[in-house]
Amino acid sequence: MRLEYSAFIMPHIGDSYSQCADRFAIDKNTHRFAVADGVGASFFPEVWAELVVKDFKDHGLFEFEKDTILLREPDLISSWKDEVTNKISNLTSKEKFLVEMSKEKCDFAACTFVGLSIDNKEWHCKALGDSYLFVLDKDYKLITKVASQNGHDFDNFPEYFASEHGKNNGTIASESGNISEVAYFILLTDAISDWFINANDDKRNTLVNLRDRQSFESLINTERASGKMKDDDTTAVIIRVMQDDSENISVEEICNMDITQLIKEEESFIVEQQAERLAKVAGEETTQSQPLQTEESMSNNDAQTTDNIPSIDKETDNAEIKTQIDNNELLELAQTMQEYEEKMGSIIRKINDIPRRYKKELNKIRRKIKGYIKQTIKILDKMKN
Amino acid sequence: MANIQWGTKTPGHIIYLIDQSGSMSGVNEQKAAESITAAMIETLKGCINGKEVRNRVYVTIIGYGNENGVSIIREGWIADFVSDLQNCKTNNTTIIAPKSYGMTPMAEAFTMANKCINTWLSQRQTQDAKVPAPIVINITDGYPDNVNTATQEAQEVMNIQTRDDGNVLVFNIHMDDSSDQVEIKFPTNKSVLKGVPEGEFLFDISSEMTEDFIRAAKAQRFEGIMTGSKGFVVNAKGDTLVRFVTFGSGVSQH
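Protein sequences appear in the order of chains L and D.
Add 404 to the 1-based position in the first sequence for the working numbering, that's all there is to it.
Add 1 to the 1-based position in the second sequence for the working numbering, that's all there is to it.
Hints are computed from structural coordinates only; laboratory data are not their basis.
Note that the coordinates shown come from a computational prediction; the quantities given were computed from them, not determined experimentally.
In the DSS-like style, the derived pairs of lysine-lysine whose C-alpha atoms are separated by at most 30 Å in a straight line are:
#1 Lys461(L) x Lys507(L)
#2 Lys90(D) x Lys509(L)
#3 Lys571(L) x Lys500(L)
#4 Lys238(D) x Lys509(L)
#5 Lys507(L) x Lys571(L)
#6 Lys52(D) x Lys498(L)
#7 Lys52(D) x Lys458(L)
#8 Lys607(L) x Lys549(L)
#9 Lys219(D) x Lys634(L)
#10 Lys131(D) x Lys509(L)
#11 Lys498(L) x Lys10(D)
#12 Lys461(L) x Lys525(L)
#13 Lys571(L) x Lys90(D)
#14 Lys90(D) x Lys491(L)
#15 Lys485(L) x Lys509(L)
#16 Lys500(L) x Lys90(D)
#17 Lys634(L) x Lys10(D)
#18 Lys607(L) x Lys131(D)
#19 Lys10(D) x Lys219(D)
#20 Lys507(L) x Lys10(D)
#21 Lys238(D) x Lys191(D)
#22 Lys571(L) x Lys219(D)
#23 Lys509(L) x Lys10(D)
The calculated label-pair distances, taken between Cβ atoms and stated as ranges, are:
#24 Lys507(L) x Gly27(D): 32 to 42 Å
#25 Ser420(L) x Ser192(D): 49 to 59 Å
#26 Asn625(L) x Asn119(D): 25 to 35 Å
#27 Gly225(D) x Pro478(L): 41 to 51 Å
#28 Glu53(D) x Gln618(L): 22 to 32 Å
#29 Gly77(D) x Gln779(L): 28 to 38 Å
Where a beta carbon is used, it is the ideal one built from N, C-alpha and C, also for glycine.
Just chain L, with the same shape it has in the complex (with noise of 0.2 Å):
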């Protein structure tokens, strides 16, 4: 038997993969395909998903307790903490304080869940929330869907597995059957489970023989556009069975849309854009052929608000930082600029933002940035030394 599988993930409009909650994971040599959806409301539900599709992933499928505890719960529970206290460790004064009042609300993170296990002869599921297999023959038709919330409506109030022990919510639902009959898997949460329960045949054919992220991108752009698919974070993993008469499984990724590795590529391209941004600010500062004050005001001003930033000096022009910094000097100036990411952060914000007629307030603001500028070359160059 061959499987064939894309793995696709796409998060709320607007909003990057670092923000959304869904997660997947899949073992081609156990054949076991996990999908989880962390619930908004609860406290860093992307790590608790993230977890729980990696235990589902490295211990398969009936390792579950009394139908409603995770067997592993004080291990993942004692990993979804620490990860936590890392991640909150690295934090700005503002995001702890937005963290903490998050948790008032909910201290605990939650998630739905299905996963699926594939053998030679059977396949097994097990499923907790609004989650969903759905399970087609070669026709497309459906041969059966498994999820613990089957049949109910689709709102915010989902069952889930929670960090906290005691705080589970619903009856995992569990259900197996003969692989012969089956030409395709498909792994949904819930926003894309309700459009394909309500969808056309055609409209679910094209889901089901996606291969590329372009086109599930684009489907899921349509749909949400059309208001037949709620915005919501979205993961879809696809497996195509192909029968054969070979006793082994053999596993083949089409499209493996790797949420860590989206993340990171995501936080890189944000860095080099901060890295251009502040070269482009410091260009305009010293090319400006109408300043929007005159030097002397912007002096007056300054004496009240650059005690701490180094002198600028006015020498110091475009020419003279393109030259000291080629483009991957450029990236590194971004990243140490990392360490100056909560003054920056909201001083870039603010130039975006403040309309020309506080000019002043503006330049202010560039001068101070020339500063945070010279004060990374400086770093840079002993860094060289």
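Knowing the structure of chain L, use the given hints to seat chain D on it.
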């Protein structure tokens, strides 16, 4: 109606009207400011996603009776208030300064609320996304300067129809901490308000509770609410005030 859940695509609009007339002097001005602060912190909690705040709620705070007559004290997305709310939480302060001065121009406050709501709706309703009904929460300790005009202006606000979510909602809370005045919460008819002139007035300018409101009010430990109850409390004590303003602010925040 009024059942569209607030979200980034469908943000809500809360307008607080706060009585800052001379009679609010002392405990009441402080408690009113504290209740809005507490409610805004709860609203913020509902808008946090991870370490970020989503623009799910736009807040307008209108003061009436202060030295400026009627004015917008604060306005913005809930995300704009994070630093101030952090400061309030840390230093036990309030999001607006407690004030008390002059008369009680409640009618003019409702007129200003009307303008704010129409501006909001005219901006939001040009877009495809659904627009939830704005919510007005009026906090007062007494009678307006002109009852007839205030009733008329408040009812005009209540009669504003949104494109997608029914009428604008108006909730009222009348503060009186004195022990001889019994709290009357969410009455269904005027008969229980005989001899309580503030109550009869507020009955006429408060929206009726729907099932969603009743559920939200019960979540704030209010009892005895039923279909047909009006969204107001007379002679509210401190704890009731905070719970009421929080309930009104979070009614569409599931």
